[in-house]
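J.: Residue numbers (our numbering), protein chains in the order written: chain A, 1 to 269; chain B, 1001 to 1235; chain C, 2001 to 2202.
Keep in mind that the hints were calculated from the coordinates and are not lab data. You may find that some hints are simply not true.
Cut-off 35 Å, straight-line C-alpha distance, at most; resulting in silico cross-link-like pairs (DSBU-like, lysine-lysine) [what the hints assert, rightly or not]:
hint, chain 1, residue 1, chain 2, residue 2
1, C, 2140, C, 2017
2, A, 204, B, 1227
3, B, 1227, C, 2087
4, A, 17, C, 2014
5, B, 1054, B, 1166
6, A, 16, A, 249
7, C, 2066, B, 1054
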Amino acid sequence: MSDIDMIKVINAEKAKKLFEQSKRADNRGLLDIRKLDIKKGVMNSADGSAWVKLGNTEVIAGVKFAVGTPYPDSPDEGTIVVNLEMSGIASADIDTGPPSIEAMEYGRVVDRVIRSSECIDFKGLSIVTNEKSFIMYVDCYTINADGNIIDATQYAAMAALLDTRIPKLDESNNIVPKEYTEQKLKINKDKLAVSFTFGKYKDKLILDTTEIEDLATETRFTVGVCGDNIVAYHKGGGKGTFKIEEINKIMDIATAKYQDIKNKICDEQ
Amino acid sequence: MSQNKRPDGRATSQLRPISIRLGVNKNADGSCFLEWGKNTVVATVNGPRPIFPKHLADQTKAVIDYKYRMACFSVSERKSPVPGKRDKEISLVSGHALEAAVMVEQFPNTVIDVNVLILSADAGTRVAALTAASLAAADAGLPMRGLVSAVAAGRANGELILDLNKEDEDTPDAVDMATAFLMPQRELVLLQMDGCVNKKDCSKILETALKGAEVVYELQKKALVEKYPMDGEIQ
Amino acid sequence: MKRIVVPGELITDKNVKTGENVFIKGNCIYSSVLGILNESDDFVNVVPLNGPYTPIVNDAIVCIIKNVTNNGYIIDINSHSDCFLPKSLVTKELSAGQMLLARVKEVDGADVAELDNINILPLANIIAVPSVKVPRIIGKNNSMLNVLKKYTQSNIIVGRNGWIWCTSKNLALLENAINMIVNNSQKSNLTNTVEEYLKRNS
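Only chain A is shown next, with the shape it has when bound in the complex (with noise of 0.2 Å):
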C-alpha cells in the first residue's frame, strides 16, 4: 500500500454523510447502477474479448483456450479459470507486482459465479474423455479502478465467453493456432450469471459502489444470480455484518436488476 491519499479520506467522509440522507455524490439512487457500457471482440489476439465500462471502472477480459487433462473426479468436461490483474496502470494504490491478495479474492468470487451458474456445457469442452479437454483461461485486467471491480470482471469475463470461438485441432487433438472452428462457445443464455456487489455503511445497502464509496463502506456483499436461481454469494471486505434479512432483501434486489444486466450482456452491438 502506497500513502493514504488524504483527498479520498475527506471525500469518503463526505460520502459517509450523503449515505446517511440516502444520497450518493454522483446522484445515483443508492440501488441504482452506473452506465454499463459493453464492447465485444475488442482484441484480434483473443479466442474471445470484452471491454467493459461501468462508470469510471475499466475491465478488459480475454479468453484463450489451452488443451490439458481433465479433473479425475469430472473426466468427460473441460475446465474454465478465471484470473484478475489489478496493475499499477488502473490506480495509484495499486502496486505493481506479484498479485495482490484482493485481486487473488476478486478473480475467485468471479471464478465461482461463472463457474456455479452452469450457463456453460463443459461437457462440450471435452476431446477425448479422461485424456484431454479445453481449458478455458479467461484473464481479465483492470484498465481504470473506480470501485465494483468484481461486476465490472464479471460483466466482462462474461461477455468475452459470448464472444468467444473454439479453436480448431489438428490430428493429435493440438490446437492450431489462429484458426477456428465454425462454431462459437456454448453458452445458455437464461442460465447467463450476472454478479451484484453491494456495500453496507450502518443499515443502508448500496449497490455498485465507486472507489470513494468503497472506502466509506464497512462491508461489502456479493451474490451471483442466474435466471431466478442464486448462484453465488460472497461476503468480503471488512469487519463488518449483515442479518439475515438483509440477505434475503440482498437476494430480492438483485434479482430484480437481473434481466436488464442479462440483456446488456447478451446485447450484439
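Assemble chains B and C onto chain A, guided by the hints.
T.: Coordinates of chains B and C only, in the frame set by chain A:
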C-alpha cells in the same frame, strides 16, 4: 425439515460430533484443538504485538494476520505445501470475520497473528478453522464483542441439510454454504456459497445455518467455561 | 458464587456502574473477555483469565532492553508496543539484554508508554506469566509472595506486566509453584494449598 437419515446416520439438521480442547499450545497466547467429525484443526493466536514491516500498520486498529493452511497429508491426494489461491482467499475472508469479533480498535499499530492448520479434512474446514480461531482468541484473553460460530449448510440429494461432509459435498446437486455468525448478536460475518439454488431455498439454508451456529456457540461457551473449573483439586 | 463469562455474554440489563472488561450496547451490559464475573448490587466488572498487558500509569514493571539507539533505548515491556527510554534518564551506559525495574510514567493513548524511576536489575531469571495473574501471585497483603519467598529462599520482584524477576535456591520448585498459581487462579484457598505444596517439597 424432514428427519431422514443421511449416509452417516445423521438427521438432516444434525451436526457432526465436535470436540474442543483449549490451551493446547503453551507457546501461544491462546490455542485450540478442534475435532469436527473427521476434520482436525489446530489454531493458535499470538499478540497483539508490534507489526513489521512498519508500513503494514494501521493507526486505527490492530491488523489480524489470519493464516489458513492445510497439511500436505490432510486430503486424499497430497496437497502441495505452497499456499494456493484458495488458502489465501479463505485466510482473507476469515480474517475479516474475526475482525468483526475482536475489538481491534483497542490495539492500534499492532498485529494479531492467527494461525490455523488443517490436519485432516472432510469438508467444512474453513468453518471448523474459524470456530477454532475464535476460541483461540478468547483463550488468549483478547477483548471481543462475541464469539464467531461458523457452520456450513447446504443441499445434497435434493435435501436441505446442515454441516455437509465430503460425501454430501460430492453429490451432483450439492450446494455448500459456509457461514459464520457473530454470536450472540446473530450477525453474519462470513458467507460464501456456490451452487445453484432458488431464493426460497437460500433463505431456508441460511436459517438452518443459524440454528447450527447456535449449537456450535453453546459448545464453544461450554468449552471455554470448562477450561477453568471453579472447584476441584488444585495441582 | 463466582461465575465464568465468555466474550459477548449478557451480564445484566440493569443500570449499574461498570468496571473493566465489559461493554454496553443498548440497555444491556456484556462481557468483553473470558473471565470471572464480579457482580454486586450497583457495580459489575470482569476479571480476565488471560490476556495481553496494557500499561497503566504507576505500574511497576520488569522490562528488558531490546536495542540501543544513538539517543536512547528500545525497551520490551511485554506489551503490544515497545517503549523508548532516552539516555538522559539513566546515569549509566546500558546494553541490550539489561533488565530494568521501572515505573510507567505516562501512557499515550493505547499506544506508547513512558517510563521513569529506572532501577537496573542484576542479570537473573525471568518467569513470564499472563499479567492478569499478577494479583494472585502477590496475594492479599503480599501473602502469596511471602510464602513463595520463604519456602524457595528466593528474591522475587513481580512486574505488573507479568514478568517476574527472581533469584532462587530452588528455582524448579519456584517455577512449579508459580505454574500452580497461574493454572488455578480462579479457585479459592490457593495460598494455603500452595504453602502446603511448598512445605512438602522444600
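J.: Could you run down the list of hints and mark each one as holding or not?
T.: Outcome of the hint check:
{"no.": "1", "hint": "C:2140 with C:2017", "in the structure": "25 Å, holds"}
{"no.": "2", "hint": "A:204 with B:1227", "in the structure": "41 Å, violated"}
{"no.": "3", "hint": "B:1227 with C:2087", "in the structure": "45 Å, violated"}
{"no.": "4", "hint": "A:17 with C:2014", "in the structure": "34 Å, holds"}
{"no.": "5", "hint": "B:1054 with B:1166", "in the structure": "42 Å, violated"}
{"no.": "6", "hint": "A:16 with A:249", "in the structure": "21 Å, holds"}
{"no.": "7", "hint": "C:2066 with B:1054", "in the structure": "17 Å, holds"}
The structure fails to meet hints 2, 3 and 5 from the earlier list, while all remaining hints are met.
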